[in-house]
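Colleague: Each chain, letter by letter, is given below.
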Amino acid sequence: MLDRRGFLKFVGGAAVGTLATPVVWKGLDDLSIWTQNWPWIPRLDKGNNLNTYISTTSKLCPSACGMRVRLVNGRPVRVLGDESNPLSRGGVSALASAEVQLRYSPARLKRPLRRTADGTFVAIPWYEAEALLRAELVKAARDGGLMCLSGDENGTMNELLSALTVAMGSSDFYLMPGEAQTTAAAWKSLGGRGRVGYDFARSDFVLAVGAGVLENWGPVVGNRRAWGRARPQDGEPAMRLAYAGPVQNNTAAGADWWLPIRPGSEMAFLMGIAQLLFAQGCPSAGVESFAELAAVWTPEKVARATGLAPERLQQVVEQLAAARAPLIIVGTDLGQGGEAAPVILGMALNTLLGRVNQDGGLRILPEPEPVFPRAMSYGDMMAQDFTAAVRAVADKKRAAPSLLMIYEANPVYAMPRGAGVEELLGSAGFSVSFSCFLDETARRCDLILPSAMGLERFDDVNTPFGLGEIFYALCQPVAEPLYESRAAGDVLLDLARLIGLDMGYATFREALEARAASLGLDWAGLMKGECAISRATLPLESLIFPSGLIAEALEGRFIQPEKGALAVATFTKLAFGTADSAIPPFATKLITDAELTAGELSASMNSATIRELGLREGMKIRLVAGEMSLPARVRAFEGVAMGTVALAAGFGHTNFDAFNNGKGANVMDLFTTVEEPGTGLAVWRCPDVKIVKA
Amino acid sequence: MEDRQESTAPQKEVCSRFKCRLCGVAPFFVGIVVALVFGWWLFPTLMFNSQEQPVQFTHDTHVNVAGLDCNYCHKIRPDGTFSAIPTTKECAVCHQVLLGESRAERVFWDEYVRPGKEVAWLIYQKQPDNVFFSHAPHSLENCNNCHEFSKTELCLFCHVNVKDKAPTYHENRLSGYSKDTMKMWQCERCHANPNHLAGTAANNACFVCHK
Amino acid sequence: MSATQEFRIKWGMVIDLDKCTGCGSCMVACQAENNVAPAEDGLNRRRALNWLLVYRLSNGKPFPDHDIAYLPRPCMQCGKPSCVSVCPVVATTKDEEGGIVSQVTPRCIGCRYCMASCPYHARYFNWHDPVWPAGMEKTLTPDVSVRPRGVVEKCTFCHHRLMAAKDRAYAEGRDPEKLPDGAYVTSCTEACPNGAISFGDVNNPEHKVHELIKSPYAFRLLERLGTDPQVWYVSRREWVRRLGDNYLNNEPTKG
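Residue numbers (numbering that gives the first Met the number 0), protein chains in the order written: chain A, 0 to 693; chain B, 0 to 210; chain C, 0 to 254.
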């Protein structure tokens with residue numbers, strides 16, 4: 000028998016013997032390799048090293064970025080810029096750049112959800128969801144009570160939705176309030192026909208008033224590409240840019256001149272420019288009323304209203320006069336709910352400078368012809384005012400819709416708290432949201448239908464807002480819709496057929512093919528990423544300067560905020576999403592103290608303002624306007640106009656994903672809607688706020 | 000007798016003492032032997048599991064019977080990436096109908112071609128994620144600037160011989176690597192070869208092979 | 000610092016700070032290209048890794064004379080990298096033609112000595128394992144390995160794109176050591192809508208960057224430390240250039 004001593008000898012022998020085998024060395028080697036490839040770290044899928052590329056257009060980014068999506072073994076992994084795209088020329092916005100990853104956002108809707116009696120949601124199969132919606136559509140067709148809101152800005156989808164709304168006996172089709180409607184309303188008040196675009200790329204001096212032309216206004220990637228190309232690193236710039244606005248934002252960072260003006264004082268600034276132009280001998284024939292109104296707006300008076308030094312105003316006018324192709328673009332930072340009167344002034348000034356239908360000027364573009372029978376015309380769509388409709392329902396001035404259909408829009412988050420969207424959703428007979436994400440609005444609807452994202456469906460972009468030429472590009476699926484999501488266009492066409500409506504097309508792709516054919520475009524070419532550009536314009540007819548409207552809009556404005564109160568200015572970064580989306584996962588690293596301080600919204604003020612109010616940097620405060628208030632923290636930033644507090648827009652989501660929820664606060668909580676004097680347009684406005692130490 | 004007895008007793012003692020000494024070290028040697036047997040024979044068997052390819056593919060049939068060129072399946076694409084293994088769809092160019100009556104053909108056709116499924120081939124030379132390897136520079140053309148390799152010689156420098164039957168695939172149970180995964184020293188046979196450092200692209204900088 | 004190796008090819012980046020508007024497109028493109036995990040809280044320095052980080056610069060003047068600039072900071076790929084000389088395990092080296100400082104993460108033991116020695120804060124330590132929201136790992140590119148916790152990582156000038164460009168050159172029968180201008184650019188260069196970033200071989204007269212770095216307005220970060228970075232910045236604004244190094248009050252700004 001083996002005794003203890005023998006056993007120890009055996010172990011000793013085994014140990015010595017083991018040293019002469021690969022056990023220790025191989026074992027250690029394998030162990031270290033194992034630690035280099037932890038099983039819980041995702042593996043790369045190289046497949047057969049096959050890279051393919053599909054050219055398409057971003058529906059997520061409002062600038063209609065041309066994208067070249069890289070697929071590895073059929074799996075989309077990267078959004079790259081498309082060099083052959085005539086608009087974005089290889090540039091890609093921070094938003095579009097993350098589009099492939101955003102498909103897998105934790106907020107992405109997976110399957111249809113129905114609200115139950117106790118307010119919770121249950122997942123239901125598509126056939127059940129379709130049957131439910133079909134029954135509601137049949138009901139709404141009987142009473143004509145359908146109201147439809149679309150978050151799409153420029154696609155054929157809006158024609159389908161409006162045609163469906165009209166076919167259902169209603170005229171309540173709306174787009175989410177945006178700069179396009181404001182501009183259209185302004186153009187209409189001048190008596191203009193067609194639609195207006197700005198030929199940014201061909202201008203040599205751009206004066207942007209409120210419009211973040213290098214960050215979030217219009218076809219921004221195209222703008223930036225043109226701006227960048229006009230400014231070679233090793234030569235003199237061929238384009239100069241002046242930005243007038245209350246915050247030294249990203250556009251101001253790229254501008255040659257930042258002209259700090261108080262929030263809401265754009266009209267005074269523009270009147271000051273008009274006054275100087277007239278004083279310098281700009282012919283006033285035909286616009287006598289304009290000259291008459293402008294006469295009082297001397298640089299000194301403008302300085303009192305805007306806070307801008309008179310010599311800086313004079314400098315701008317000199318530059319405008321000296322430029323070969325000057326262009327004035329008036330917009331808002333939010334790009335939503337803006338006032339029409341400043342835009343009218345901007346258009347009038349461009350006309351005064353002789354810049355209409357010129358290269359690098361303001362161009363009058365023909366409206367697109369609808370391909371859907373019964374679809375609203377572009378002009379009719381632009382004339383529809385959702386803000387006003389919501390107000391009317393909330394004020395019980397009109398009946399609530401029996402069916403509220405929301406397509407890829409998030410008005411609960413993106414519209415002013417005081418606008419009455421919640422009331423509208425609460426009073427609608429039935430509400431359905433076609434949405435990619437389980438967002439604030441979807442959560443308040445009775446039925447949520449998961450929508451395929453722009454990368455997963457056929458869609459199109461027909462002249463993004465602000466562009467000075469007609470532009471058409473196709474969006475095509477680069478991957479199958481994730482989970483159970485479906486392209487809303489096809490779902491609606493199916494339902495329309497089932498309730499006996501003939502929309503003219505069986506699938507949405509057919510409609511797009513018809514659109515391509517109507518524009519004389521080759522479908523195969525569009526699928527390869529080709530875009531159509533036309534520089535056709537409508538002739539300029541005589542415009543009438545709406546002096547009464549402007550006089551009314553100027554009245555009672557530019558009063559200094561009362562002591563202790565601050566005007567509110569917002570700043571928006573495209574990377575942090577749009578009205579219909581939110582901060583994509585990768586963009587959280589772009590957040591700085593400009594947006595958030597210690598998890599709360601930064602209230603940026605210049606140091607003089609901070610001193611005046613007796614505040615300290617980092618201090619917890621509340622911005623209070625009447626019943627509304629917003630938590631924030633004081634941040635010193637010298638790039639903010641006097642008496643102004645700057646707040647980042649796009650934060651404070653409550654129902655999105657972990658990359659958004661609980662980050663800061665929503666500036667829309669301070670906003671309300673008012674009727675713009677003169678135009679009667681329902682616009683969004685943030686009242687002056689008082690600072691309360693929290 | 001007494002003498003004998005007397006003489007045998009010490010003899011016995013010596014013997015038993017010798018025996019004891021032998022018995023005493025025996026466990027030690029047994030230990031060594033057991034360890035050696037375990038370490039050289041059992042351990043390598045235990046460390047790796049054996050797997051057969053999902054389809055018994057033979058290169059011989061494809062090259063010698065069907066007359067395919069290597070490049071037909073294994074080719075450098077115009078963008079420089081390497082198409083290592085054809086997809087089922089590519090195989091189906093020929094295999095759209097049953098070719099022959101072998102069991103392997105039947106399996107391939109029934110389980111992969113008809114349902115349009117990709118074969119989960121076991122890759123003998125599988126490299127981990129942190130290794131970058133590209134076939135493009137390791138070409139016959141580049142190597143034969145100085146060497147005189149045949150195609151087979153060059154391929155066999157790194158790859159296992161797959162001429163006849165697909166060899167059994169051995170996977171390391173701990174690291175998950177294939178038994179035939181080249182280790183760094185094997186790459187360095189060329190990459191760290193002083194003769195290669197001037198005039199060839201094969202240098203031993205870390206980022207040449209790591210990512 | 001040890002003697003530096005001279006390379007025939009020197010991959011360099013030139014960033015025009017007057018053209019950067021701070022949109023962050025480069026940062027997003029970088030993360031997607033290099034398989035950097037997103038962070039729920041982007042401000043959390045232990046969770047958020049940035050191979051490329053855009054800094055905001057201020058001229059320090061009060062309103063209304065305030066000016067602002069943005070400065071994207073990749074790894075400088077220093078000619079005399081202070082990180083390389085301190086690495087105890089040779090996980091980071093500058094030994095390849097082109098001068099890109101390598102970082103081999105499986106070799107890294109996580110001592111973070113390199114982080115302490117890097118004057119640009121270009122290196123990041125994985126305090127945690129990277130986590131992608133469920134399903135998002137399907138968007139990982141096959142080009143860059145995923146780094147586990149416990150190792151340091153940094154910008155590599157999208158080195159995998161250099162390898163891809165060389166492979167393409169092989170396939171097209173061109174010399175992979177003589178890549179034409181634009182054949183190899185980093186992901187951030189490609190993504191910038193303003194075209195603020197230029198990339199190429201600064202030693203090659205056929206590449207645009209060769210001339211751009213000679214601009215009187217060009218400077219490098221903390222040049223006087225002697226790190227000899229391969230990233231140049233260009234700004235016509237004196238105050239921006241002045242922020243690029245530590246100047247004594249009476250010293251004139253370079254450029």
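It is worth saying that the hints were derived from the structure and are not from the lab.
Don't be surprised by glycine CBs; every beta carbon is placed ideally from N, CA and C.
It is possible that some hints are incorrect.
Label pairs and their computed distance ranges (CB to CB) [what the hints assert, rightly or not]:
| id | chain 1 | residue 1 | chain 2 | residue 2 | range |
| --- | --- | --- | --- | --- | --- |
| 1 | A | Gly-46 | B | His-58 | 39 to 49 Å |
| 2 | A | Gly-46 | B | Cys-93 | 15 to 25 Å |
| 3 | C | Pro-179 | A | Arg-133 | 56 to 66 Å |
Colleague: Hints first: check each against the structure and report whether it holds.
Modeller: Quick rundown of the hints versus the structure:
1. A/Gly-46 x B/His-58: 39 to 49 Å: At roughly 22 Å between Cβ atoms, B/His-58 and A/Gly-46 fall outside 39 to 49 Å, so the hint is violated.
2. A/Gly-46 x B/Cys-93: 15 to 25 Å: With Cβ atoms ~22 Å apart, the hint holds.
3. C/Pro-179 x A/Arg-133: 56 to 66 Å: Since the Cβ atoms of C/Pro-179 and A/Arg-133 sit about 59 Å apart, the hinted range of 56 to 66 Å holds.
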